[in-house]
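Protein chains: 2
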Amino acid sequence: VTHTFKDRFDLPEGVIYLDGNSLGAMPRGVAAHIDQVIRNEWGRSLIRAWNAHDWVNVQQRVGAKIAGLVGAHPDEVLSADSTSINLYKTLAAALALRPGRTVILSTPDNFPTDLYIAGGLIAHLDRGHTLKLVPADEIEAHLDDTVAVLTLTQVNYRTGELYDMARLTERAQAAGALTVWDLSHTAGAMPVVLNASRADFAVGCGYKYLNGGPGAPAFLFVARRWQDQFSQPLSGWLGHAQPFAFTPDYVPADGVSRYVVGTPPVLSSLALEFGIDLMLEADLQALRHQSLALTDAFIDGVHRKCAGHGLKLLTPMAHDRRGSQVSFAHPDGYAMIQALIAAGVIGDFRAPDILRFGFTPLYIDLDDVAVAVDRFALILREGTWRAPQFQVRKKVT
Amino acid sequence: VTHTFKDRFDLPEGVIYLDGNSLGAMPRGVAAHIDQVIRNEWGRSLIRAWNAHDWVNVQQRVGAKIAGLVGAHPDEVLSADSTSINLYKTLAAALALRPGRTVILSTPDNFPTDLYIAGGLIAHLDRGHTLKLVPADEIEAHLDDTVAVLTLTQVNYRTGELYDMARLTERAQAAGALTVWDLSHTAGAMPVVLNASRADFAVGCGYKYLNGGPGAPAFLFVARRWQDQFSQPLSGWLGHAQPFAFTPDYVPADGVSRYVVGTPPVLSSLALEFGIDLMLEADLQALRHQSLALTDAFIDGVHRKCAGHGLKLLTPMAHDRRGSQVSFAHPDGYAMIQALIAAGVIGDFRAPDILRFGFTPLYIDLDDVAVAVDRFALILREGTWRAPQFQVRKKVT
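Note that the protein sequences, when read in sequence, are chains A and B.
Heads up: the first sequence at position 315 corresponds to 315 in the numbering used here, and the numbers run straight through without jumps.
Heads up: the second sequence at position 388 corresponds to 388 in the numbering used here, and the numbers run straight through without jumps.
It is possible that part of the hints are untrue.
[Stated by the list, open to error] So, partial list: chain A residues that the calculated Cβ filter (under 8 angstroms) puts toward chain B:
no.	residue
1	P12
2	L23
3	G29
4	V30
5	G43
6	S82
7	Y116
8	P214
9	F246
10	P264
These aren't lab readings, by the way, just hints derived from the structure by calculation.
For clarity, every value in this text was computed on a predicted model and none was experimentally measured.
From the three backbone atoms N, C-alpha and C, an ideal C-beta is built for every residue, glycine too.
Please model the entire structure based on the sequences and the hints provided.
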């Protein structure tokens, strides 16, 4: 797998890129593709491109392709808006489908936007809902008849822990609740099996493991059984049954299309489609094997060569509990990551003390892991990270 | 003005493009700019580009530039999301700021997404709000103490009628209501004076007169006096006071930044910025003079050369009531537009019977108008539009 797909990405010389879980690398050919879209589709077809180049269905078309990566039917997934906005739509749906229940259940270390959006939604509704946050290992104990929806990111963005979607979905549903899964750190990194897990709703990110480019549109999944049960509040014109009839009354489109809001950002959407088309060539099971081999090798290498510096592994050793990233805690994690970046190993830092390394199995191989470990060991051995320029905090994403 | 800026756009040979109010034309150089963004910024800087190329502030930076086109302060405007989503945020704010009032007032022929979003919002809130639709000339009579917010598109997308923002805002505020103006058909086409009109909130489109490319992000305006009075419901992480602190509790950013939701589509955002930078070189007053000269000439030409075919002018003759478009009604309008497009004059059709022609003063000149009128006259005289291929309805935007 590795050699085939590594050549399909254009990575800077000398850089080991372990941050594909923040922003995926650039597929070769995407610049030329978007250049063609701009010059020919926009420039020559102008308004006619909406039909001539099928821009009008881009959200459904790209969604159907993503469905193939997450174990969904093609008519259950849309590419649309941002992850945050899709969370709002799906959480609103889940609450509406569980009237009388008041709790959104999640964990305190879920990705912040998931919590912020849930909080914003329930404050806006002002109907007595609460957002209840409990540690992941206490979730099952809190699944009672007050819980309307359990929402979790399938892989914890901080620790890299992989949660058991099938089990937690079954437990949530047994308690009468629905689930909204955030696949931002799983889609494209490993097989995801939404329907085999009987998931209700899901959202995910286009610019991480799907390599869709900076700020690429996100996606959402609505299981067929829920699609026509609710009409989401962001009822924009492109989610109308007949958008071009221009009638004053909103009539939601059938199926997942009612989760479309407005006009999609076409350039960013088509860059995303380019990344997904490449992803669809890969065997997801083979990618998962590669991913585990990479994270095993990195954990092992750091244990062997970086011992004695106080790094604390946060990522589970068990394969069935590990995503495609490895995280360590260290009080000086910020400076260490800056020193690593300066040395050409790009990981990222997550407050308050987490060094995070993502291993995109499409374009990272065992040689990269070996080099990254060696550079990390050198930085620790020589104390490079103590230099003043690595202490100054900048905004990072 | 005309000759200077026409050269800055790349339009297909032989085409007269009178649909810049649906999708603006392609500025020369935008493809090369985006190619550079993809290859160098994404490809070489990868995640570091968020800081190195200031992607992280793109919503505020582009918003500040748009502010210069709509009579706002730089810290009152964001480029973000879609027009529909921005309507949701601003209408939610306006309702929250007018508790006890139950009516959103608009017109039945406002752009449908404005009505759909208002309807979706109040259904979601379920607190007894209603959407009241009255003809434009009856708005003032319906501004009473039940009205929370008046929302209107400043130029009617069907007729091209320009409403008096200052007067209607003053009347709405005198009745205790707030205003949400949709500038989709005015920003970039003429001077807009939000603060001089004491407007409360506004939204608008990036891909029409701002020439931002297909599905370019939209924008929103929140007057300084309202910015810190309310925290909008789509409380995503990039609208947090400290997005990178990753705290579980949402604390809204100061100012208009709290209207940011998630990660912006960078490629589409930077194409929009390219269009706006070009727009900022123009003198908006000169553009308005050019626009009125173009629409005058088109109306006059159609009256002189296309008489006797039953075309009914919908656009006001009075300059102070006319946007930058000319619309006619005709029962066979659909087929006529198709025949015009086949003849290289691209206008668009709006259900049920409207032929709509947009005149973007940056790249349309009086020669274009003369050619368009002559081709239209020929199509009518020869009955070209009666050919079967022009009768079949396709989706159009």
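**Those earlier numbered hints the structure runs against, lowest number first** = 3
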